[in-house]
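Mind docking chain B on chain A? Use the hints.
Note that the protein sequences, when read in sequence, are chains A and B. Take 1 as the starting number for the first sequence in the numbering used here and just add one per residue. Take 1 as the starting number for the second sequence in the numbering used here and just add one per residue.
Don't read these hints as lab results, they were simulated from the structure. Take every hint as true, because none was put in to throw you off.
Straight-line alpha carbon distances no greater than 25 Å define the calculated SDA-like cross-link-like pairs of lysine to any residue that follow:
1. B:K146 to A:T399
2. B:K146 to A:H262
3. B:K162 to A:S207
4. A:K173 to A:K281
5. A:K196 to B:P167
6. A:K281 to B:V156
7. A:K120 to B:F72
8. A:K205 to B:I143
9. A:K281 to B:V144
10. A:K205 to B:K162
11. A:K281 to B:L148
12. A:K253 to A:V315
13. A:K280 to B:L148
14. A:K92 to A:N217
15. A:K92 to A:T399
16. A:K424 to B:T174
17. B:K71 to A:C432
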Amino acid sequence: MHVSHRRIHGYGRAAAALAAATTVSLLLAGCGDNGAGGGGTSAGGVVNLTMLTGFTGPDAPSYQALVKQFNATHPKIHVTMTAEPWATIGQKLPASWATGQGPDLATPSSDPGSIFTYIKTNSVLPLDSSVGTGPTQIDSAAFPAPVKSAFTVDGKLYAVPANMATLVLYYNKAMFAAAGITAPPATEADFVADAKKLTTGSGGKPSQYGISLADNNTIQMWPILQWMNGGDIIGQDGCAVVDSPASTDALTKWSQLVAKDHISPVGQSGADADTLFSAKKAAMEINGPWAAAGFTSAGIDLGIAQVPVGSAGPVTLASTVPLMIARTSKHPQQAQEFLAWYTGKTAQTQFSRISGFPPARTDLGSAVASDPTVAEFAKALPHAKLYLAGQANATSIDTDAYVPLVQKIERGADVASAAASAAKTIDSLTGCHKN
Amino acid sequence: MSSTPLAPGRPRTRRPHGPRPSHRPRRPRFNSAYLFILPSVLLIGVFIAEPIVQSGWMSLHDWTVGESHHKFVGLDNYTALYHDHRFWNALRVTVVYTAAVTAGQVLLGLAIASRLRRTTWYTALLRTAYFFPFIASLVVSGIVWKFLLDPQVGLVDAWLSKAGVTPPDWLQSTSLALPTVIAVGIWKNVGFTMIVLLASMQQIPPDLYEAAALDGAGPWQRFRHVTLPALRPALLFTTLIATVTGLQLFDLVFSMTSGGPIFHTESVVMYLYQKGFVEFRMGYASAVAWVLFVVILAVSALQLRLSRYRDAD
Chain A
1 MHVSHRRIHG YGRAAAALAA ATTVSLLLAG CGDNGAGGGG TSAGGVVNLT
51 MLTGFTGPDA PSYQALVKQF NATHPKIHVT MTAEPWATIG QKLPASWATG
101 QGPDLATPSS DPGSIFTYIK TNSVLPLDSS VGTGPTQIDS AAFPAPVKSA
151 FTVDGKLYAV PANMATLVLY YNKAMFAAAG ITAPPATEAD FVADAKKLTT
201 GSGGKPSQYG ISLADNNTIQ MWPILQWMNG GDIIGQDGCA VVDSPASTDA
251 LTKWSQLVAK DHISPVGQSG ADADTLFSAK KAAMEINGPW AAAGFTSAGI
301 DLGIAQVPVG SAGPVTLAST VPLMIARTSK HPQQAQEFLA WYTGKTAQTQ
351 FSRISGFPPA RTDLGSAVAS DPTVAEFAKA LPHAKLYLAG QANATSIDTD
401 AYVPLVQKIE RGADVASAAA SAAKTIDSLT GCHKN
Chain B
1 MSSTPLAPGR PRTRRPHGPR PSHRPRRPRF NSAYLFILPS VLLIGVFIAE
51 PIVQSGWMSL HDWTVGESHH KFVGLDNYTA LYHDHRFWNA LRVTVVYTAA
101 VTAGQVLLGL AIASRLRRTT WYTALLRTAY FFPFIASLVV SGIVWKFLLD
151 PQVGLVDAWL SKAGVTPPDW LQSTSLALPT VIAVGIWKNV GFTMIVLLAS
201 MQQIPPDLYE AAALDGAGPW QRFRHVTLPA LRPALLFTTL IATVTGLQLF
251 DLVFSMTSGG PIFHTESVVM YLYQKGFVEF RMGYASAVAW VLFVVILAVS
301 ALQLRLSRYR DAD
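Isolated chain A, as found in the complex (with noise of 0.2 Å):
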């Protein structure tokens, strides 16, 4: 009886040793490298580059076919390129840059101010060594200038465009000649009638409006409102403007066109505001090209016009994305030729033709032109305008300052204290201290 208790005794131990090495190997194996750290080089001399993007929409396949043309160019570099939602990018990628793992390329945000999360981490290489206008060299003197602007922070360049976008109007064709509009407005004046005109019922709940405004969760259409005034939202000292004259005139004339006039549903999303126009209850909507395809599948009779021009002249919103190199990358030469490339006139007419998209140059004008609706947004480049360009907090800014004003006064708030209230709001964030 003793020894079989000894030999049960010795079993259980034999058991429990087992079972805390698995347990501890398990641990150790959820906690090893994970292959992260960028590409290597295969037996044949190959770089392999890894680049992780946010395009997961219906203009990723543009993205892939750009890459996959880069491979078959460059035999001794191969660029593997995947896709992941913005906000699983924005969890993972600055831990992981600023820890030396992660890939070689990537764009970190849609939003062109999140590259400072990645300079102040020193995170990114400047690529200035590699700027020039040789055909391995990224000629950025052709990026539009806001877009050169916003990547050169204290006179290094750190990204490059990975794409380029400019907001038009779109129209619906139909709904305009029922109303017996025979042009899309050319001007503000005629923006505003025609928005007014094109706004049918009754009762503050119209069957129809004349334009479909969003202010949350989507690329900023107020912006342009102001700018068409000569107003802003941040000077070039850093300091809040957005209550300023130029800018409490356009966000009183704009507000008060939808609180009162209601041309336009109030706190919708950029979805929402999509929805409606594709859904023919708005006449009219400012958006980018990746709206296009899905309001003409959509049915509409689409027209495409540049934003009407205001007292300051011609004027839109431009997005674009950063592309940017990994300072620990093992490959950054291989890296910054994938980027000379990605950003030469070859790629981007092609990219321009597959997906609608402008160039991201501002020297392709005739290459480009004979594609209607690309010429429409590449036409609007040279006036184009980033929003909160260079503002390090710029996320803040928006959601903190600007969304909560244009949704207080689309309410019908008094337009000089939401906009005080904005302006202080902004200030204390961009850290401005006025006199």
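For chain B alone, kept in the frame of chain A given last:
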């Protein structure tokens, strides 16, 4: 009994008969049971305990994701939180939501459970119908309701318009957005409360009702003096669960309103998400998390205390 050879030079001693003296130090023995609990201890340590401690440490720093150095700021994050109007607004929204949903969910669940106590094909069908929303994902429920309540293309507003009623802006109105989210929260969870209370009701011995009836108790008195006392543990459980999940409100507002309009539905966890995973201010977000943890702990303790719940019940 064989003796064990000792080291040379040590005096050979004879073990006395009888029980071992209690004051004699025991040789430490390896207990293999500890190895069997090692997996659980390690998993809890790595995935629960360590993150809790880490978040507490982070809340004392100006901790931004990706930065190599995090400045120690002591209680500055908590001080900033105290003066943060948006945090207090989020806390108010969370408390209002939790109180309303908990009360609605428990009272409505109790009423439905009482009505569906008898099992027939009809009540079985209704129980399934009431329980069905609970098994659906919160995000899916939120998105479906967002579409249903859309003022332009939503089914609810279309029906109201056909009936001659001007539909309100359910999710765009600053006064209606939170009540609408609360209503969806109750709809989503009432089935769970109903099932738990129903199961508890069916454990009450019929003799108690018969005895009460013989004593002249009417339906209300039987409910008041027989059903409710018997349901007390189940009511406490459902109230506690509803409160804790209400204080953790995130999915529903994220999918229905994104915290808008103008922060009128922004919950504490939504605010935490914004600070931590959009602005990458992990130190500040950790401070928010710790305040929420303390609130949940205090509310749970208060509920247990007020209900005077003991194991003997």
